[in-house]
Structures are given as structure tokens and as C-alpha cells.
Amino acid sequence: MTPRSPRAERAIALAVEAGRRLGLRADRPRVLHDVFSVLVHLAPDPVVVRVPALAVGTPAELAEKQRRELAVAGWLADAGAPVVGPSPLVPREPVAADGTSLTFWEFVNETDPLGELSQADPKALEDRFAEQTGWAAELHAALADYPGDLPVLSPLVPAIGPALAELRKAPQSLTAADLDRADREYAALEALVADFPARFPQARLQPLHGDSPAYNLLRTADGHRFSDFEDVTRGPIEWDLTFAGPRGIAAYERAGGTRVDRELLDLMEGARLLQGLSALTVVPKVPELGPMLAPMIGQWRARTPLELR
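Using my numbering, you'd call the opening residue of the sequence shown number 7 and step up by one each time.
Calculated directly from the structure, the hints in this document are not laboratory data. All values reported here derive from a predicted model rather than from experimental measurement. Since no wrong hints were added, every one of them can be taken at face value.
Distance condition first, Cα-Cα at most 25 Å in a straight line; then the derived SDA-like pairs of lysine to any residue:
#1 291 x 172
#2 291 x 222
#3 291 x 169
#4 129 x 252
#5 291 x 70
Please build the complete structure, drawing on both the sequences and the hints.
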């Protein structure tokens, strides 16, 4: 058995204590995932607790972000959309625990994990992403009717700003030229978010998943379920479609009958790479992320710097 990380051990303790406070049994907790967040299944109850491992911002800001996530995912679940919804066994509220806050979700039994496929057959992985990107059109159609207020492109602005400031103090593998370029790109994103319609009047801003719904999806015996709405936001659909590839974009357009703006998609892909660069701030805490982020940083350096025309 692979030893659990210290953050996973802490997550189990927090999840079990909070779950028992809410009346759950939590007799056989097990870790399902351990990177940016730790997912703990509180077996035998069908409940998964998401414990933030690398949350940025104050506890109050984290709780507000979690309330948005619970509200949107809960609204979608109530409407019958294919999502992993908040657990019906506890209130739909973040649960305070030792300086952070936790959220409680349905346990879903995944029948065809993506990790196994990616190791076995790259062509099958490409096929799956194209199919799942097409399914994102269904999610966007459901999200379009969400009645609540959401900030515009919040995973970018203001989220990237503090990370870039931190990288000025501890630049990891970045050069001074890299940091100067990153600051310029972030300033362009700030201008975009401040007045999006002026830059792209043809784009329609709507509620979005916020973090690649084609990737954050579970296949089950009863069909697919979109999950992990932590970065739920408003923006153009192109933000949810970054790096889906030509086949994925074609599948989305067929499924939704909506044309994807290639110029805006390219801009959003540049923004996604800048977001990846900002994630270097967590590498000291999660060293295994360094090799995972390296190709993205290479892509960022190789492409034309992001700017608004």
C-alpha cells in the first residue's frame, strides 16, 4: 500500500470529525484523490468530502467560493442535469474545520477511470476527449438558465494576481523575462474582464463549469456525470473548451449547434497557460506537480504573448 501524504492524513481526520458532527458514520474513510484537494469517501455512507489542500485566499474567500459551487451544482442536480451533486445527507453549506472549510458530495461509482485509459491507448484517450467535449454542450445549455450571480472569469481575475506576486518572491524555474511577460499578460486579462463586451461584442457570457468539464467528468453504469465545479464562473463558452483539440471543438459544435469563436478560443488558451504558470506557487508544497506543469510552461513560452487587439 502506498503511504498517504501528510495532507491526506490531515484531510481524513478533518473529514471524519466533520462528518460525525453531521451524523455520518465515517467508519471506513478512504482517499479517492490527493492533489489540489483531497477527496475522502466516508464509507459506508455514500458521501465524499472535498478537503482543500492548497486553497488560496482567506478562509472567508474560500467559503464564499464553495457556496457558489454548492449553489450551482445543487441547482443543476435539482434540475436533473448529469452532475455529481451535493450530498443530500447534510446541509448544502461549507463546513468549517481547523481554519479551512469542507464540502460534502454524493459518492459516485466510476466504472471507466480516465487514468487507466490514458496509460493504455492514446488514440482511445483522444476519442474520449472529443466525445466528452461534445457532452459539454449539454452542460452549457443547462447552465445558461442558472439564475444566480457569478463573477466573470474569476479563475483568472483576481485569482492569478496574488500568485504572480508570490512568484516574484520565489520564482521557481521562471526568469525575470518570464515574470515581466506574465505581468503584462495578466494586465491584459484584467482589462478584458473589466469590459468584456467592448473587446468581444459577439460573445455571450454565461455560467460555466470553469475548469474543463470534458476532463472533470465521471462515467458510471448509469451514464456520465460532470463534477468539480470549484471554479464555476461566468464567461464565454470558449473558456470551458480550452485545449479540447479540433475534434473536440467539432463535436461540441455538432452537439450544441453553436459556433466556437476560434480567435476567442486562442485567447482563452493563452489565459489557461498563464493560469498553469501561476500554479507554480504550489510546487514547494506538492513537488510532484513540477513535472506535470513543465510541459504547460514550455507551451506558454513558445506561443505568442497574450495581448488584446
